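S.K.: Position chain B against the provided structure of chain A, taking the given hints into account.
There are 2 protein chains.
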Amino acid sequence: MSQTSFVAVDWGTSSFRLWVMDASGEVLNSTQGPFGMSRLKPTDFSRVLEENLNKLGVDADVPVVICGMAGAAQGWCEAPYLTAPTRLDALGKCAVAVANTMRHVRILPGIKQLSPANVMRGEETQISGLLHHHPDFSGTVCLPGTHTKWVRVADKSILDFETCMTGEQFAFFSETSVLSHSMTVEGWSDTAFANAVAVALDDPTSVPRLLFAIRAEMLIGEQSAAEARARLSGLLIGQELVATRPYWDQENVTLIGAPKLCDLYLQAFEQIGIAGRAMDSEAMTVAGLLFAYQIQQETHHV
Amino acid sequence: MSQTSFVAVDWGTSSFRLWVMDASGEVLNSTQGPFGMSRLKPTDFSRVLEENLNKLGVDADVPVVICGMAGAAQGWCEAPYLTAPTRLDALGKCAVAVANTMRHVRILPGIKQLSPANVMRGEETQISGLLHHHPDFSGTVCLPGTHTKWVRVADKSILDFETCMTGEQFAFFSETSVLSHSMTVEGWSDTAFANAVAVALDDPTSVPRLLFAIRAEMLIGEQSAAEARARLSGLLIGQELVATRPYWDQENVTLIGAPKLCDLYLQAFEQIGIAGRAMDSEAMTVAGLLFAYQIQQETHHV
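Top to bottom, those sequences are chains A and B.
Using the working numbering, the final residue of the first sequence is 302, and nothing's skipped along the way.
Using the working numbering, the final residue of the second sequence is 604, and nothing's skipped along the way.
The shape of chain A in the complex, shown without the other chains (with noise of 0.2 Å):
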């Protein structure tokens, strides 16, 4: 049996994920929950960390790498922001020690982008990741979900990228808003959706005054729940789409992220014409954990 090497986290705003992991790059075993930080005073961590650990069986002496939120002001310890253009490589050499843990943590920095102000703690280890696996690649990134990023990534560095909140709004949309009386929480039709995404391309104007018609087709029109829920998102990606069109304009994207999400992704750049692949979100979070891992190694002889 392979002997553990180092353990790889991922502490969000709103979940918690490790694993275990080999000195191959293996994953031996792995635990989550949802203990992100958004519930966890700073204080928090180093207790929530150390059940985990523990309940794993993993001894005192190895090494811990976390990426995320933990490492915000809000958050466990400060990794201050790397500031973009920036190499990817920085992440590890760059991450902080945790000081008040008798573990030996260390958490990697976010980015930061200046002008236009922007800000991204997990993406960035994601993207390494990808690098990780395709140390030649140079193009667009996005990585869908609360945060939708998009990252121009070139000569192993993030160039720039920006952030719409798609996700984030879908959910109060979907979940909250006085649309949420229109909406089923698993109906969808792929004829809704791309309509809605070929309306937003169109003519990405109109999309503040389609939001409410969703819910006025509902009380007066012969529209499905389920192509309700669809044409909002169409409606809110496509909106996406025009607000980052030098992003994907001239360029082959790769999407990061859940895989129903980036399947719908896939379908909004089949309608424009974008060449797009799908990766899966936690191969590279763990091959972006592994990459920092072993540049810390180098860098610090850990």
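Take these hints with a grain of salt, some might be off.
Unchecked claim - Here are the in silico distance ranges between beta carbons for each label pair: (1) D280(A) / A585(B): 26 to 36 Å; (2) E600(B) / Q267(A): 54 to 64 Å; (3) G523(B) / Q297(A): 34 to 44 Å; (4) E251(A) / G523(B): 43 to 53 Å; (5) E51(A) / T403(B): 27 to 37 Å; (6) E352(B) / G33(A): 27 to 37 Å; (7) D190(A) / E352(B): 24 to 34 Å; (8) T333(B) / T146(A): 56 to 66 Å; (9) D160(A) / E380(B): 23 to 33 Å; (10) P116(A) / E352(B): 32 to 42 Å; (11) T385(B) / S224(A): 48 to 58 Å; (12) V185(A) / P382(B): 28 to 38 Å; (13) P382(B) / D160(A): 47 to 57 Å; (14) S115(A) / R547(B): 26 to 36 Å.
Since the hints were made in silico from the structure, they are not lab data.
Being a predicted model, the structure only gives us computed values, none of them experimental.
All C-beta atoms in this analysis are idealised placements derived from N, C-alpha and C, irrespective of residue type, glycine included.
M.R.: This is chain B only, laid out in the frame that chain A set:
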């Protein structure tokens, strides 16, 4: 002392407002509370109305006229939509008598538009109040709020209308979303508002990526919480103005809404050279209910 002639009620999603009126349209007494439709079962409406009328000592034979969501399918008693274009005196003529109450209660219908699909319940009564004061009014009416309405009025009729969920979106972004960490409840900057309106008007397609930038400016820039809040408002109102351009492009605009909110729209109007004026929404509601009551008297000899 004047004698009570009828009772006017604006019964919306979140609030209930009641005015005791004399025959000349003067308000003799009033009350209000948070018992809107969203908190009530259909069987609760009769009791809530009775409690409020008893509190004010209104005799059992005084007729009651209601506008708003109490007439929705999920409200007290459905008052089916009129279809735009429609004359506004039809509100009084088509009011629905409520069966399951000891009182003489009528609920005014809302208005629907078939294509593009749209609905309103409550705003039509305010516009009717505007016509009560200005019988020859012709032009565009904007009713800013949770769901801002833009309405074309001519020949004592509502011709067509659009809805933008600007107020509901502002509440979501400023109180719930990740941007809420960057907002103060009361802070404001006229300059930041004006700049954001200008940006949204100049490049409305950029708004989806500029929303998250408000958060990023807070984390890495010099922006104050007051500027962040005003910037969010300016982006959303600017985006709404672009979406509703046909309603204001060649028209003066009459605003009906809360005074502070109307002031914001007037500031934005000034930036794009629209002549606007603001009317108080409560006064317009009362006048609209009075107008409907008078029509009912002529129609039904109440």
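S.K.: For each hint, tell me whether it holds in the structure or not.
M.R.: A quick look at each hint next to the structure:
The beta-carbon spacing between D280(A) and A585(B), approximately 60 Å, falls outside the hinted interval of 26 to 36 Å. With their beta carbons about 57 Å apart, E600(B) and Q267(A) fall inside the hinted range of 54 to 64 Å. Judged by the Cβ atoms, the range 34 to 44 Å given for G523(B) and Q297(A) holds: they are separated by roughly 36 Å. Taken as a hint, the range 43 to 53 Å is violated for the pair E251(A) and G523(B), whose Cβ atoms sit roughly 28 Å apart.
For E51(A) and T403(B), the Cβ-Cβ distance of about 60 Å falls outside the hinted range of 27 to 37 Å, so the restraint is violated. At roughly 52 Å, the beta carbons of E352(B) and G33(A) sit outside the given window of 27 to 37 Å. For the pair D190(A) and E352(B), the supplied restraint of 24 to 34 Å is violated, since their beta-carbon distance comes to about 51 Å. Take T333(B) and T146(A): their Cβ atoms lie about 43 Å apart, and the range 56 to 66 Å is violated.
With their beta carbons about 54 Å apart, D160(A) and E380(B) fall outside the hinted range of 23 to 33 Å. For P116(A) paired with E352(B), a C-beta distance near 57 Å fails the hint of 32 to 42 Å. Between T385(B) and S224(A) the C-beta distance comes to about 22 Å, which lies outside the given range of 48 to 58 Å. Between V185(A) and P382(B) the C-beta distance comes to about 30 Å, which sits within the given range of 28 to 38 Å.
Range check, P382(B) to D160(A): Cβ separation about 54 Å, and the 47 to 57 Å hint holds. Range check, S115(A) to R547(B): about 30 Å between beta-carbon atoms, so the 26 to 36 Å window is met.
Checked against the numbered hints listed earlier, the structure breaks hints 1, 4, 5, 6, 7, 8, 9, 10 and 11; every other hint is satisfied.
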